[in-house]
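Asks: Given only the sequences and the hints, what does the whole structure look like? Please build it.
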Amino acid sequence: NRYDFGHEIKPLIAKYGGTPIKGTSIAGDLHRTWIAIRNAFTSGDKAIYEECIRGEEAFSKEYGDMLMNYDLPEDVKSVVKKQKDSVDKALVSLREMEGFAA
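With our numbering applied, the sequence shown closes on residue 102, and no number is skipped along the way.
Keep in mind that a hint or two might mislead.
Said to hold, decoys possible - Pair ranges (Cβ atoms, derived): (1) LYS10 <-> ASP71: 17 to 25 Å; (2) ASP45 <-> ILE13: 18 to 26 Å; (3) TYR3 <-> MET68: 24 to 32 Å.
As the list claims (entries may be wrong) - Calculated lysine-lysine pairs in the BS3-like style (CA-CA distance at most 25 Å, straight line): (4) LYS46 <-> LYS15; (5) LYS81 <-> LYS15; (6) LYS89 <-> LYS10; (7) LYS46 <-> LYS10; (8) LYS46 <-> LYS61; (9) LYS84 <-> LYS22; (10) LYS61 <-> LYS81; (11) LYS84 <-> LYS15; (12) LYS84 <-> LYS10; (13) LYS61 <-> LYS84; (14) LYS10 <-> LYS82; (15) LYS22 <-> LYS81; (16) LYS77 <-> LYS89; (17) LYS77 <-> LYS10; (18) LYS22 <-> LYS10; (19) LYS82 <-> LYS22; (20) LYS15 <-> LYS89; (21) LYS89 <-> LYS46; (22) LYS22 <-> LYS61; (23) LYS77 <-> LYS15; (24) LYS77 <-> LYS22; (25) LYS15 <-> LYS82; (26) LYS46 <-> LYS77; (27) LYS61 <-> LYS77.
Bear in mind the hints are in silico, worked out from the structure with no lab data behind them. We treat Cβ as the ideally placed atom computed from N, Cα and C, and that holds for glycine.
Replies: In structure tokens, the structure reads:
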């Protein structure tokens, strides 16, 4: 999803005069997430879910901050809202799965 999110937002960044960042931050985020998940395997399923939930909560907060603190053009706001909704939906699913792993 994150990969698709980036590709969806990059044209809007360019449209409004910004310069999209090329994959380094996404690659770094994915790497850090992978390391955290790999390390969590030694701690059991609950630790995996906790780490995934932590990441989704951080993404959701960032999206919420953007929507509340910036006067975004409507097309940008629409994409950010859609992506936040997707993250929030994933967060609900992860919390449900975490409950089964407890």
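Asks: Checking one constraint from the list: CA of LYS81 to CA of LYS15, max 25 Å. Satisfied?
Replies: holds (18 Å)
Asks: Holds or violated: LYS61 with LYS81, Cα cutoff 25 Å?
Replies: holds (12 Å)
Asks: Please verify whether LYS84 and LYS10 have alpha carbons no more than 25 Å apart.
Replies: Distance of about 16 Å is within 25 Å: holds.
Asks: Do the alpha carbons of LYS15 and LYS89 lie within 25 Å of each other, as the hint requires?
Replies: violated (28 Å)
Asks: Quick one, are LYS77 and LYS22 close enough, alpha carbons at most 25 Å?
Replies: holds (22 Å)
Asks: Taken at face value, is the distance from the CA of LYS61 to the CA of LYS46 at most 25 Å?
Replies: holds (22 Å)
Asks: Is the Cα-Cα distance between LYS82 and LYS22 25 Å or less?
Replies: Since the Cα atoms of LYS82 and LYS22 sit roughly 22 Å apart, the hinted pair holds (cutoff 25 Å).
Asks: Quickly compare the C-alpha distance for LYS77 and LYS15 to 25 Å and report which way the hint goes.
Replies: holds (14 Å)
Asks: Does LYS22 sit within 25 Å of LYS84, going by the straight-line distance between their CA atoms?
Replies: With a Cα-Cα distance of about 21 Å, the restraint between LYS84 and LYS22 holds, given a limit of 25 Å.
Asks: Could one say that the CB atoms of TYR3 and MET68 fall in the range 24 to 32 Å?
Replies: holds (26 Å)
Asks: Holds or violated: LYS89 with LYS10, Cα cutoff 25 Å?
Replies: Holds, at about 23 Å.
Asks: Verify the proposed pairing of LYS22 with LYS10, using a straight-line Cα cut of 25 Å.
Replies: holds (9 Å)
Checked against the numbered hints above, the structure violates hints 2, 4, 7, 20 and 26; every other hint is satisfied.
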